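Trainee: Here's the letter readout for the chains.
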Amino acid sequence: MHDGHRARRPAVIAPLLALFAMLAASPARAVGEGEGQDASPGILTMGGLYLFYNEQAPLSFVSPVPSELPRERVELGEVAGRSCQHGLSIPTALSFRATNVSGAAGNGGYFKALESIRKAHPGIAGIYDVRTDLRSLSILGLYRRLCVEIVARGYARK
Amino acid sequence: MNRIVPLLLLAAALGGCLYANISSPYAYRSSSPVDIKKAADTDPLVQGKACNQAVLWLVAWGHGGYIESVRDALKDHPQGVLYDVKTDVKIQSVLLGLWSKQCTMVTGRVGQL
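Protein chains in written order, with this note's numbering: chain A, 1 to 158; chain B, 159 to 271.
Rather than coming from a laboratory, the hints here were simulated on the basis of the structure.
As the structure is a prediction and not an experimental result, all values here were calculated from the model.
Honestly, I wouldn't trust all of these hints.
[What the hints assert, rightly or not] Straight-line alpha carbon distances no greater than 25 Å define the calculated SDA-like cross-link-like pairs of lysine to any residue that follow: (1) Lys244/B with Gln56/A; (2) Lys195/B with Thr99/A; (3) Lys259/B with Gly141/A; (4) Lys244/B with Ser67/A; (5) Lys244/B with Glu68/A; (6) Lys207/B with Ser136/A; (7) Lys195/B with Val74/A; (8) Lys196/B with Arg135/A; (9) Lys244/B with Pro66/A; (10) Lys259/B with Val65/A; (11) Lys195/B with Ser67/A; (12) Lys196/B with Ser136/A; (13) Lys196/B with Arg157/A; (14) Lys196/B with Ser63/A; (15) Lys244/B with Gly141/A; (16) Lys119/A with Val62/A; (17) Lys195/B with Pro64/A; (18) Lys233/B with Leu76/A; (19) Lys196/B with Leu59/A; (20) Lys207/B with Glu72/A; (21) Lys196/B with Glu72/A; (22) Lys248/B with Ser40/A.
[Said to hold, decoys possible] Distance ranges between label pairs, derived from CB positions: (23) Lys158/A with Pro191/B: 22 to 28 Å; (24) Asp234/B with Asn107/A: 47 to 53 Å; (25) Arg73/A with Trp219/B: 34 to 40 Å.
The C-beta atom is built at its ideal place from N, Cα and C for all residues, glycine as well.
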């Protein structure tokens, strides 16, 4: 009888471990860029029943490359800006199957991130060599924050 | 094993993560040789790497996006600009994801404007 129990255990654990391996794959996923030309919005999703939702998220931004810049310019060096969306998700019961009620808000799009660069550098005319990341923070799955972070080179007109 | 299963169930109940603070690559419009004044085959070829890591499906951290990856590539050429850029993603996982690491790797030549 004991031997029979031992034989069945791995059969239960293996699918469980496979399930967790799939769950673990989510943080290792690149977001946003695909093979095609379709824009992919960086929207914060909380799941469950939304009580409130008011978000602005990055969609697309065609930044200039150096050959498209004015010749007469002053280099400002590296500039950075960011904007964020915030979300809360609260379980309605202490159960694995409990439905969550959630809410999300924030202006986390390109426009606000670029505005933050303009505020920090009032004389800036534009940016190039733009690198954009999505910074994701999650605490117990209850609070989430998704920020678009921009680092670029700035220039001003002469 | 008896100690691990409740931990795994907790991870599943919380959607796979207790705490995560990671960066993902989103967009990078890099320069081409046309954009560089004197692009040459002798321009240094550099590679940068930035990673996110996850342990036990519970905790994830890192700056694995383009920003840190390009910074790493240009660490020896702070005034340079990357052009002819190729980006790869590298994923390593051990024991069904007990430990996993995802890196954004940027390779390109360093030019001057």
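Trainee: Indicate, hint by hint, whether the structure satisfies it.
Mentor: Against the structure, the hints come out as follows:
1. The straight-line distance between the Cα atoms of Lys244/B and Gln56/A is roughly 30 Å, outside the 25 Å bound, and the hint therefore fails.
2. The suggested pairing of Lys195/B with Thr99/A is violated, with an alpha-carbon distance near 58 Å, which exceeds 25 Å.
3. For a cut-off of 25 Å, the pair hint linking Lys259/B to Gly141/A stands: about 21 Å separates their Cα positions.
4. Taking the CA atoms of Lys244/B and Ser67/A, the gap is near 19 Å; set against the 25 Å cutoff, the hint holds.
5. Restraint check for Lys244/B and Glu68/A: satisfied, since their Cα atoms lie roughly 21 Å apart, inside the 25 Å limit.
6. Of the pairs offered as hints, the one joining Lys207/B and Ser136/A holds, with about 19 Å between alpha carbons and a cut-off of 25 Å not exceeded.
7. Between Lys195/B and Val74/A the CA atoms are separated by roughly 17 Å; this keeps the pair inside 25 Å, and the hint holds.
8. Proximity of Lys196/B to Arg135/A is assessed by CA-CA distance (about 35 Å); at most 25 Å being required, the pair is judged violated.
9. The straight-line distance between the Cα atoms of Lys244/B and Pro66/A is roughly 18 Å, inside the 25 Å bound, and the hint therefore holds.
10. For the suggested pair Lys259/B and Val65/A, the alpha carbons sit about 32 Å apart, so the restraint of at most 25 Å is broken.
11. This hinted pair checks out: Lys195/B and Ser67/A have alpha carbons roughly 9 Å apart, not beyond 25 Å.
12. For the hint linking Lys196/B to Ser136/A, the alpha-carbon distance of about 39 Å lies beyond 25 Å, and the restraint is violated.
13. Of the supplied pair hints, the one linking Lys196/B and Arg157/A holds, its CA atoms being roughly 23 Å apart against a limit of 25 Å.
14. In summary, the hint linking Lys196/B to Ser63/A is supported, as the alpha carbons are separated by about 22 Å, within the 25 Å threshold.
15. A threshold of 25 Å between alpha carbons decides the hint, and for Lys244/B with Gly141/A the separation of about 34 Å lies outside it, so the pair is violated.
16. Taking the CA atoms of Lys119/A and Val62/A, the gap is near 21 Å; set against the 25 Å cutoff, the hint holds.
17. A hinted pair counts as satisfied when its Cα atoms are at most 25 Å apart, and Lys195/B with Pro64/A qualifies at roughly 16 Å.
18. About 19 Å separates the Cα atoms of Lys233/B and Leu76/A, which keeps this hinted pair within 25 Å; it holds.
19. Of the supplied pair hints, the one linking Lys196/B and Leu59/A is violated, its CA atoms being roughly 34 Å apart against a limit of 25 Å.
20. Distance check on the hinted pair: Lys207/B and Glu72/A sit about 34 Å apart at the alpha-carbon level, beyond 25 Å; violated.
21. Distance check on the hinted pair: Lys196/B and Glu72/A sit about 18 Å apart at the alpha-carbon level, within 25 Å; holds.
22. For a cut-off of 25 Å, the pair hint linking Lys248/B to Ser40/A stands: about 22 Å separates their Cα positions.
23. A beta carbon spacing of about 26 Å between Lys158/A and Pro191/B agrees with the range 22 to 28 Å that was offered as a hint.
24. Distance hint check for Asp234/B and Asn107/A: the Cβ-Cβ separation is about 38 Å, which falls outside the suggested range of 47 to 53 Å.
25. One distance hint, 34 to 40 Å for the beta-carbon pair Arg73/A and Trp219/B, holds here, with the actual separation near 38 Å.
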